[in-house]
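Residue numbers (this note's numbering), protein chains in the order written: chain S, 1 to 130; chain C, 1 to 300; chain L, 1 to 389.
It cannot be assumed that every hint is accurate.
[What the hints assert, rightly or not] Some chain C residues well away from chain S (every beta-carbon gap over 12 Å; in silico):
| hint | residue |
| --- | --- |
| 1 | ARG147 |
| 2 | GLN170 |
| 3 | ILE241 |
| 4 | THR251 |
[What the hints assert, rightly or not] Computed Cβ-Cβ distance ranges for the label pairs, DEER-style:
| hint | chain 1 | residue 1 | chain 2 | residue 2 | range |
| --- | --- | --- | --- | --- | --- |
| 5 | S | GLU62 | L | ARG10 | 54 to 60 Å |
| 6 | C | THR2 | L | LEU140 | 36 to 42 Å |
| 7 | L | LEU360 | C | HIS188 | 35 to 41 Å |
| 8 | C | THR2 | S | GLU62 | 55 to 61 Å |
[Unchecked claim] Residues from chain C that keep clear of chain L, each with C-beta distances beyond 10 Å, as calculated:
| hint | residue |
| --- | --- |
| 9 | GLY71 |
| 10 | ASP84 |
| 11 | PRO86 |
| 12 | ASP95 |
| 13 | HIS102 |
| 14 | LEU103 |
| 15 | ALA139 |
| 16 | LYS146 |
| 17 | LEU160 |
| 18 | PRO162 |
| 19 | ARG165 |
| 20 | GLN179 |
| 21 | ILE190 |
| 22 | ASP257 |
Keep in mind that the hints were calculated from the coordinates and are not lab data.
Everything numeric in this text was worked out from a predicted model, so none of it was measured.
Each residue gets a CB set at the ideal place from its N, CA and C atoms; glycine is no exception.
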Amino acid sequence: MIEFHLDYRSGVAPYMQLIHQVRQALRLGLLRKGDQLPKVKDVAAGLAINPNTVLKAYRELEYEGLAAARPGIGTFVTGTLDGGSLAAHQPLRRELLRWLGKARRAGLDDESIEALFVSTFRSASEEDIA
Amino acid sequence: MTAVIAAEGLGKRYRGKWALTDCTLSIPAGHVVGLVGLNGAGKTTLLNLATGMLAPTTGTIEVLGERPAAGPAQLARVGYLSQDAPVYAGLSVGDHLELGAHLNPGWDAALARDRIDQLDLDPRRKAGKLSGGQRAQLALTLALGKRPELLILDEPVASLDPLARREFLQDLMGTVAEQEVSVVLSSHLISDLERVCDYLIVLADSRVRIAGPVDELLSAHHLLSGPRRDPDTRPAGCQVISASHTDRQSTLLVRADGPVVLDPAWTVSEVRLEDLVLAYMKQAAGRSDRNRNRHLEALT
Amino acid sequence: MIWLTWRQFRAQAVTAAAAVAAFATLLAITEPRLASLYTGSGFAGCRGGSCAGLANAFLGQLSNATPFGGPQGFRLLPAGTNLYVTVYAVGLLLILIAPAITGVFWGAPLIARELETGTSRLTWNQSVTRTRWLTVKLALVGAAAMAVTEAFSLLQAWWAAPISRATDLGGSVSVFSGGRFSPFVFATGGIAPLGYAAFGFALGVTAGLLIRRAVPAMALTLAVFAAVQVVVPLWVRPHLFPPDAAIAAVESTHATFSDFSGAPTLSAAVVPGQPGAWILASGAVNAAGQPVTALPAACGPASGTPTAGSAFGSDLGRCLASHGIRESVSYQPVSHYWPLQLVETAIFLALALALAGFCLWRLGPPRLNSRPAEASQRAVGVEATVRSE
C-alpha cells in the first residue's frame with residue numbers, strides 16, 4: 001500500500017498531488033493492477049485533510065480509468081500507465097544528455113537550463129491544449 | 001438539502017457595539033466549513049448564536065431547521081466544542097463519559113470508549129491533569145459521542161502546540177470520513193483551514209465578506225499581474241478585491257463570476273486560499289478606514 | 001442530570017454529613033447526663049407558674065456538670081469552661097451559620113463557578129436544556145441545604161428540650177437564657193431554619209448568576225444574608241402576627257425604670273400569667289389608659305428619685321397603684337410561637353422561590369427570532385456571561 005504526502009508550498013492543489021503520486025507509483029511499479037489504494041479515512045486522517053479532497057482524487061482516477069471503487073470495500077487499481085516501456089526511455093535519455101551537453105557548452109548555468117526547459121515545456125503544453 | 005445553518009439578516013449588538021451585522025448565510029450540509037476572521041471579527045458571536053448561547057438582536061438563525069437550543073431534541077443533533085475546551089478539572093476522563101451518557105439520550109458509549117482507547121487517555125485520570133491537546137480531544141469526544149449531525153468548533157486548536165494541533169485535525173478528519181457529520185470550525189489560522197475545509201466563510205469587521213465552496217471561490221478569483229496601471233483600473237467583467245502597485249508593476253486580485261476576456265498584457269495566475277482571505281480582510285479594513293476618514297473629514 | 005449534580009456535589013455532601021454525624025455524636029454522648037440531671041432535679045415535675053427557682057437550680061447544676069458525672073468525667077476542655085454551656089452554644093451557632101454557609105459555599109458557586117471556568121458551555125451543549133439543568137441543581141442542592149440545617153436544628157431541639165423548658169419558665173443561667181422568643185433561640189428552633197436555609201441558598205445562586213464570579217458572589221451573599229438576619233428579628237418578626245395586650249399592676253410585671261433624656265420609662269420584664277411571653281412594648285399608663293410621662297411626686301422612693309435600671313420596690317409599686325398607674329404591655333404569648341414560626345418560614349420560603357424563579361427566567365431559553373423592533377427590549381441573562389469576540 002502506498003503512502004501519500006503533501007507539499008503545501010508547491011502551489012499544486014492537494015487532490016492533484018494525490019493523483020500525481022498514484023500515477024508515479026503506477027509508473028514505478030509500486031502499485032500494480034488489483035492493489036488497493038489507501039482508504040479515504042486513513043488518507044484524510046493521516047494527512048489531516050478533508051476526506052472530500054481524497055474522494056475527488058479517487059474519482060478523477062476512476063474517470064481516467066486507473067481505479068475503480070468497490071462500495072464498502074475500498075478503491076482498487078484497475079489500469080496501468082503506459083509511460084512507454086523502458087526501452088523507449090533509453091533513446092530519449094541519451095538525446096537529453098546530448099542536449100544538456102550542448103547547453104553547457106553554450107555557457108548556460110543550471111538555473112538557466114532549468115528555466116529554459118520549464119518555459120518551453122509549459123508553452124508546449126499550452127499549445128497542446130489550445 | 002436543508003442548510004445546516006441558515007441565517008437571515010442576523011445581527012448581534014452588545015454594549016452599544018455591533019459584534020455581528022447583517023449576516024445572511026445558508027451553509028449546506030456535508031461540508032467542513034471554515035469560519036475565518038481576525039479576533040473581534042464576530043466568529044465566536046456567530047457560533048454562540050448558532051448554539052443558542054446568545055439571542056440575536058436582529059434577524060433570524062436556524063440550525064438544522066430549528067431554533068438553536070430549542071429543546072433537548074435539537075441540542076442532541078448539534079455537538080459543540082468551546083474555545084479552550086473547558087472540562088471539569090475534578091472529574092476523571094471516565095466521569096466525563098458518564099456525564100455524556102447521562103445527559104445525552106443518543107449517547108453511543110461504545111464509540112466514546114473506543115475513541116478514548118485510541119487516543120490513549122486513561123479513564124481514571126482527572127481531567128484537570130490532562131494536557132491542552134488531550135483536553136481538546138476529551139471535549140471533542142463529548143461532542144461526538146452523541147452522534148450529532150452538526151459539529152460546531154470554536155477555535156479548537158488555537159491554544160494547542162503544533163503537534164497537538166496536527167493530531168486533533170487528523171482525528172477530526174478521520175471522524176468526518178467515518179461519520180456523516182457536517183463541521184463548522186472557526187480559526188484565525190488560515191493554514192489549518194486550507195487543509196481541512198471545503199467551504200469557507202470570511203468574516204471581517206463584523207460582516208460576512210464572502211462565503212462559498214472553496215473550489216468555486218478559488219476558480220472565481222484570479223491574480224492579475226502586469227505593467228503598472230492607473231490605480232482605479234477595473235478590468236472588464238471583474239470586481240477588484242485588492243490591488244497593489246509599484247512604480248513598474250500592478251497586481252490585482254479580482255473576482256470574476258464568469259469567463260473573462262482580458263487585455264493580454266495581464267498575466268493571470270491562480271489564487272491561493274490564504275491570499276484570497278487576506279485580500280478580503282484588507283478590503284474590509286480599507287473600507288472601515290475610509291469610513292473613519294470620511295467621518296473625520298465631515299467633522300473638520 | 002441527577003447523576004451530574006450528585007457527582008459535582010458529592011464532596012460537599014460528605015462533608016456536611018460528617019458534620020451532622022459529629023454533632024449528633026457529641027449530643028449523644030452528653031445527653032444521658034443532661035437527662036438524668038433533669039429528672040433528678042425537682043424541676044421536671046414542676047407545673048404551674050412558679051417554677052423559676054427550680055428551673056434556675058437545674059440550670060445551675062447543668063452549668064457545672066460533666067458528661068459522666070463526678071470528677072472522673074473526661075476533660076476535653078480546660079478547667080473552668082463548662083461542657084454543657086459550650087455544647088449548647090455550639091449547637092446554636094451551627095444552626096445559625098448553616099444557612100449562611102450553604103448559601104455561600106453551595107449556592108454562590110453553583111452557577112458562577114461554571115460560568116467562570118467555562119464548563120457551562122460544555123454542559124449546556126449536551127442534550128439538556130439550561131432550564132432543566134438549573135431546576136435539578138436548585139432542587140437537589142437546595143433540598144440538601146435545608147436538610148442539613150434542619151438536621152442540626154432537630155438534634156439541638158431534642159437534646160436541649162429540658163433547657164428550653166427551663167428558660168421558658170423563667171430560668172436564666174449564663175447562656176441558658178432568653179426563652180423561645182429570644183432571637184437566637186427563635187431562629188434556631190421550630191421550622192424557621194428551613195426557611196433561612198432555602199433563602200440563603202437561593203440568594204447565593206442568584207448572586208452567582210448576576211455577578212458571574214464565585215468569590216464576589218460569595219461575599220455578597222454573606223453580606224445580604226447577615227443583613228436580613230439582623231433586620232428581620234428587630235423590625236419584621238414582631239409584626240408577623242397580631243400581638244396580645246394586657247394591663248397589669250406595675251409590680252407584677254417586675255418593671256424596671258430607665259430614664260432617657262428626662263422622660264421616665266418603665267419596662268416590663270414579665271407578663272403576669274404568661275410565662276415565656278415575648279414583650280414587644282411596654283409603658284406606664286394612667287387609669288384612663290393614657291401613657292404617663294412623669295411619675296407622681298408623691299411616689300419617689302424614700303431615698304430620693306429612683307435610679308435607672310432599678311426594680312420597683314413594693315412600696316413604690318403600691319404607691320403607683322394607688323395613683324391609678326399601671327403597666328401596659330404588648331406581647332406575643334407562647335401560644336403565638338408556632339404561628340410566628342409558620343409565617344416567618346413561609347415568608348422566607350416564598351422569597352427563596354421567587355429568587356429561584358428569577359434565576360430560571362433569566363437563564364432560560366434564548367428568545368430568538370424576535371422582530372427587529374422588539375429585539376433589543378428584553379435582556380437575556382446569559383449574554384453578558386459569554387465571552388464577547
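Q. For C/GLN170, is the shortest beta carbon distance to chain S beyond 12 Å?
A. violated, 5 Å
query: When you look at the beta carbon of C/ASP84, is every beta carbon of chain L farther off than 10 Å?
result: violated, 7 Å
Original post:
Is C/ASP95 truly not at the interface, in the sense that its beta carbon sits beyond 10 Å from all beta carbons of chain L?
Top reply: violated, 6 Å
Just want to verify: C/ILE241 was marked as not at the interface with chain S; is every Cβ pair farther apart than 12 Å?
holds, 20 Å
Requested in this report: Verify that the Cβ of C/PRO86 lies farther than 10 Å from every Cβ atom of chain L, and report whether the claim holds or is violated.
Outcome: Contrary to the label, C/PRO86 does not stay out of reach of chain L, its closest Cβ about 3 Å off (not over 10 Å).
* Asked: Does the no-contact call for C/HIS102 survive, Cβ to all of chain L over 10 Å?
  -> violated, 4 Å
- Task: State, for the Cβ atoms of L/LEU360 and C/HIS188, whether the hinted interval 35 to 41 Å holds or is violated.
- Result: At 37 Å between Cβs, range holds.
Confirm or reject the statement that C/LEU103 sits farther than 10 Å, beta carbon to beta carbon, from all of chain L. C/LEU103 is in fact no farther than 10 Å from some Cβ atom of chain L, at 4 Å.
Open item on the list: Please verify that the nearest CB of chain L lies beyond 10 Å from C/ILE190's CB.
Closed with: Given a closest Cβ separation of 18 Å, the condition holds.
*So the hint says 54 to 60 Å: do the beta-carbon atoms of S/GLU62 and L/ARG10 match that?*
For S/GLU62 and L/ARG10 the Cβ distance comes to about 57 Å; the hint holds.
Does C/THR251 sit more than 12 Å from chain S, CB to CB?
Per Cβ check, C/THR251 is outside 12 Å of chain S; nearest 16 Å; holds.
10 Å Cβ clearance of C/LYS146 from chain L: Violated, because the least Cβ-Cβ distance between C/LYS146 and chain L comes to about 6 Å, which does not exceed 10 Å.
Of the numbered hints given earlier, the model fails hints 2, 8, 9, 10, 11, 12, 13, 14, 15, 16; all others are met.
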